[in-house]
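Colleague: Chain residues, written in single-letter form:
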Amino acid sequence: MDTNNKIADEELRAQVRSWLGENWTQAKAASLKQHQPLWGASDELKSWLAEVVSARWAAPRWPTEWFGRDLSNKQAKIIEAEFAAVRAPGTGQDRTNLWANTLLAGGTEVLKSKLIGPLLQGEVNMCLLYSEPNAGSDLAGIRTRADRQEDHYVVNGQKVWTSGAMTADYGMLIARTDWDVPKHQGISYFYCPMKQEGIEVRPLRQITNESQFNEVFITDALIPAENLLGNFNQGWQMLQTALAYERLIMGEGARGPRSGGNKKAKNVEVLIALAREAGVLEQPKLRQDIAQMIAYKKLNALNGARGKADISQGASSSLMSLGKLAMSRILHEEARLRTEILGPGSLFEGSDYSDAENANFLTFQAYLTSIGGGTDQIQRNIIGERVLGLPKEPEVDKKIPFREVRAS
Amino acid sequence: MDTNNKIADEELRAQVRSWLGENWTQAKAASLKQHQPLWGASDELKSWLAEVVSARWAAPRWPTEWFGRDLSNKQAKIIEAEFAAVRAPGTGQDRTNLWANTLLAGGTEVLKSKLIGPLLQGEVNMCLLYSEPNAGSDLAGIRTRADRQEDHYVVNGQKVWTSGAMTADYGMLIARTDWDVPKHQGISYFYCPMKQEGIEVRPLRQITNESQFNEVFITDALIPAENLLGNFNQGWQMLQTALAYERLIMGEGARGPRSGGNKKAKNVEVLIALAREAGVLEQPKLRQDIAQMIAYKKLNALNGARGKADISQGASSSLMSLGKLAMSRILHEEARLRTEILGPGSLFEGSDYSDAENANFLTFQAYLTSIGGGTDQIQRNIIGERVLGLPKEPEVDKKIPFREVRAS
Amino acid sequence: MNKLSLEERVALRDSVHQLLTNECDESAVRTTMETTSGFDPVLWNKLAEMGIVGLIINEDQGGAGVGPIELETVMEEVGAALLCSPLLASGVLAAELLNALQNDDVSSQLLPAIADGSCIATAALTGQSGCWTEGGVTVSAKGNTNEWLLSGSASYVLHGQNANVLLVAASTSDGLSMFVVEAEADGLSISGLPTFDHTLRLAEISFDKVAAERITTQRPVWDAVIQALDITLVALAGEQAGAAEHCLAATVDYAKTRIQFGRAIGSFQAIKHMAADLLLETESSISAARHAAACLADGTDDATEAVSLAAFACADTFVSTAATSVQMYGGIAFTWEHPAHLYLRRARADAQLFGSSSFYRERFIQQLEA
Amino acid sequence: MNKLSLEERVALRDSVHQLLTNECDESAVRTTMETTSGFDPVLWNKLAEMGIVGLIINEDQGGAGVGPIELETVMEEVGAALLCSPLLASGVLAAELLNALQNDDVSSQLLPAIADGSCIATAALTGQSGCWTEGGVTVSAKGNTNEWLLSGSASYVLHGQNANVLLVAASTSDGLSMFVVEAEADGLSISGLPTFDHTLRLAEISFDKVAAERITTQRPVWDAVIQALDITLVALAGEQAGAAEHCLAATVDYAKTRIQFGRAIGSFQAIKHMAADLLLETESSISAARHAAACLADGTDDATEAVSLAAFACADTFVSTAATSVQMYGGIAFTWEHPAHLYLRRARADAQLFGSSSFYRERFIQQLEA
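Chains as they are written, first to last, in numbering that gives the first Met the number 0: chain A, 0 to 407; chain B, 0 to 407; chain C, 0 to 369; chain D, 0 to 369.
Warning: the hint list may mix true and false statements.
[To be verified] Listed next, with one range per pair, are the computed distances between beta-carbon atoms:
(1) B:R204 / A:A406: 52 to 58 Å
(2) B:R402 / A:V395: 21 to 27 Å
(3) D:Q365 / B:S353: 32 to 38 Å
Because the hints were derived from the structure by calculation, they are not lab data. Backbone N, C-alpha and C define an ideal beta-carbon position, used for all residues, glycine too.
Pulled out of the complex, with its shape left as it was, chain A reads as follows (with noise of 0.2 Å):
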């Protein structure tokens, strides 16, 4: 067996090179660097992506009949490396893209014939429409109902932090669908068309001054009866389904440089040049302070490499846990020491003070890690909780029916 998978292996990797070699002209590659724009893919984008599910390489650990090959992880990395290989985008997608591994999971076969493919091709723009003004680290509280009529359900309610859903075309959606049971057994999970009259986005203007998020605004938007994910008032289920994906793929993204922290990261040089620049460097306190810095940055590199490698693929690392809460500390303290660094210069904005503008945002904006996708505290309770397994609080809200909870 281990013989024939290894001449399968060499197989596999001299069929996709010798594809990519075929497909993947320098002029695609040209073609694809320039104008990414933010939301959503380029055409240019997008008829590569075409060529890449017609050929297989998409999501190759999927079944066949999903674009896919079945093939193991080990041998789905060799088509990974070959694609990076020479920067191509593409494949890798079953680990990936939330959106499409989400509707994989527990879509119905009529969603996921119309749109698997089209996630896949980057032909579809999505977002999530999970938290509520009054639902935020408690996501099992949200009041977003969905009534079922006839062969659709019919949605009302207010969703909030929502990126990209001024493009998108569709919104994981969870709502409401039985009041009478306790909080986490009456939701449901939908993919919710949004390009319809009922929904309304408005741009939510944040203390950075930009406005990466939006405000939805749901208005008997209808859902048609398939667009429901898993099962029905199984929605929370559902939804630990997609967060495991997401906390996947942002654990991944957010682990800093691959290697243990041999490489001095960028951003190290930074805090120091600045510290120089500003004629401030040899100040014994400030130095001590840097150092500290760094050293956070480093040990969070080096706890994730240490998770990379004391994991075995695809399992959730308790190190990994330990990540966001750590960036959270380095953020903030990053942007306090910019502050000293620069002093009074820190009181300016505007293009002209860019290492102003720097430091004041991110002051700002590192509140979106220790607040954004579970606050520090709700951090600390999970790492508490499932790492240490330390006992969950009293749950006052847990067990009675979601029309009797408190609400604000």
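With the hints as your guide, set chains B, C and D onto chain A.
Modeller: Frame of chain A; chains B, C and D shown alone:
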């Protein structure tokens, strides 16, 4: 009325001054200055207190039937001022004598007649029998039991963190007297005789290598029925009264310099001197840290002074509840700084290394403030709930019979 | 200097509170901070009429004639309301600098107009380095008794773009002197700086042989500057303490009503303990600011030490309280519409206006060593 | 130097863990730490037989011939168990110093006896200042090729009172040299110092014209010392990381079983969040120690930087974890009988043994600047 009072004030001042002139002789002052034993009053002190009590200066705010004069707080302060002017001890016990105040508040006539006089005269040594190995933060979780038998109670259990138990004649004890009601409702409060067979006192060796506290093992110890304070099964309320006296006394004692910080506190100079001696006072980071530490101390003293000015007599101040948390940080930080100043010199112990001894002792002793008398964590709950008015946590054991409460 | 009784002080505070509640709510602040001048002239006049602008100006110059204690009291309300105004620049820094220089002619000429709000004054004391010591001055003056010309530049000038009159520190061949410059003088160029705290106005000023009047004085000039900076620091400390207290109170109110997991979030220890720790900080900052004010008013030996303590304690407390409150609020405070970031911006600005916390911690320990 | 495979390393770790579980439980530690020598000769021999004492000594000198990675692994177990022994002094610092000096004669004379535990060696490298740089040496040597006499003093000598042989750094007219001194030599006076960490042994040594053998070497002597200190720091980092991890695990176990208010205290956010924060620290310290070991083993360019990082990260983590664990335990950890204070004492000692965290943070940033 104002005029009447003024005459009475002056008369009173003259009276006490003349009495002190006659009775507070230089010989007595000299004999009381020396040989103050660690536990219990010296014979000289007892004899002086007996004079103070019989002249009704010991507790002037108290009713006349209990050695008092029924005086207003203002007039009692006059007496205290005169005693303080000649450094005579013994008055103001209606504010400062925890044992006598608690007994007066809740004792039976029999017990009061027997002990109030001796307590004021320093004839009786006392200790506190509250905490247990399994009831620390959660004092209402005590499991020492007192069972009524004819005209006395039979007590069994174990107490801990008791100071002065070796020499005590009585301990103020809480014990469970009803196991079938919720935890706060089945506790009673006693004056427990300590010199009896059923009481075994063992010194508790602390991490500082001192033995400031004891463990008390109680086996079939007897308490006469008339030694119950407050009502049967309402010991929790009685305890709150006693704790309020204790906080008042501790709060006055712990508040630091009376002036708002005009005078440089002595230990401030010690830290700077220590750093100078070690040749590290010019290190910029250390200077910042020492400055910050001294700042914490000064701010705590200023808070105390402001609290004292803000509150009306006898009331508890919100600033007072902050003092313990502040001291905890101050002591731990002072220990850290002493260690940093000494560097490797902090590795040693013993009389030849007094600077190291101080740094190491304080490192450990600081926990007496951050753990003893309620941990910092419990203190933050108290501040959050009682001062800021934040809601309490769900209390899982509050309403169930104590018998069913989960224990370690 | 007079001192108000406790009752009078409470009344003063109440009246300021009432005015600011009516005329300086969050929406007024948001409107004002986006105007060019960065202050509301109508509210400015009301403050002047109430005696707030001239609070520390002597009665014979049209002021209220009180001192640091009353000023600190008022500033706590100013901080809580995030008032946008040149009060600190004109009514405190410039006014006290004139008080300190003890030149009756110049004082009589300027202080009444400062007190009634018709003249906005400010002081230009440091250059690009933002170093608030004598060495930080980068304007120089040449001339004789009658004619002086200033050259060089000053920066971090509080409300410089709104000032009618500038008090400028400049080095001369005889050492440092203070000068009066009219905002319309030839050769003067005042550029507003784009501040991250939109409720703040700072300017950079360049002097190209600008005619100036020298303020003669018997005192060493930098001593007078320190006196003015000290009371300004106390006022700023009051603003910081009042603002921090407000931040905490607002956050605690939110934590009582925001429900997650079927409970008010303030019932969770994570939030409750953050609030308890912040209460220690905010109460300490109030103690520090008030103590410094009292020491300055009484002229105690350790007044400068107390001012240093207030400077860093209040600056650090306002920053940490405003920053922590954003975390406690969670997502809602990440939106522009929520006021939390306005306080955080102000806190970060206040912490740099007249030197960093490290600078004042070092000054503090130097005073303790002395 | 050989490297063990991952499986072999796990087996090594397991065998050390098993030995220490059997022979070095808390009660054994408490007994040993109150003896004069401060180590258990029986256990010492078992460690030597197992190859632990000679772990980094070459196979041809009787050692196991492995390197920093295996050493770090073992030291995590040593730290967790609070082992009292001269392992760090003899098997690491002295052994690596001999390795580094590359003098075959002296190595052949000493290393086999060090490896089999029959000879306890240590190094005397600094004086009263406790400054671990070349300038900290306060012993001087006079003599010629055949006869050298040492005078002066050394302090902070790890297990000096238990040593049979001392490696002494001394300044000569030609610069720094290393010398071998027998513990029984005339003129040598070794005084044990009373350490706050009872599991530690330190000595002060005075030299009054003590006859010594100079170790000739081709390398700059302080370079060899730095090589030896670096591996010692990695071993210490492993000890600290392992001990910190143990402290946290024990505290978390307690928090799961200690009931207050009808709930395990670990269900309260106050305790849970402290534990979560400590987990980040302890995992980071393990990463730091292992990474430094790997860099030393591979001789990467940034090895010294990685050692510095491990030195301060692991020292600080062990101190903060041990200190916080006392707070999490509450009253019970305030008693002598509870082991928490033993770890805190060790943590405080380890943090000072070869220079402070500040020293290594400064070294770290210097390396980053370079």
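Colleague: None of the hints should be skipped; say for each whether it holds.
Modeller: Cross-check of the supplied hints:
{"no.": "1", "hint": "B:R204 / A:A406: 52 to 58 Å", "in the structure": "holds, 53 Å"}
{"no.": "2", "hint": "B:R402 / A:V395: 21 to 27 Å", "in the structure": "holds, 24 Å"}
{"no.": "3", "hint": "D:Q365 / B:S353: 32 to 38 Å", "in the structure": "holds, 35 Å"}
In summary, the structure agrees with every hint in the numbered list given earlier.
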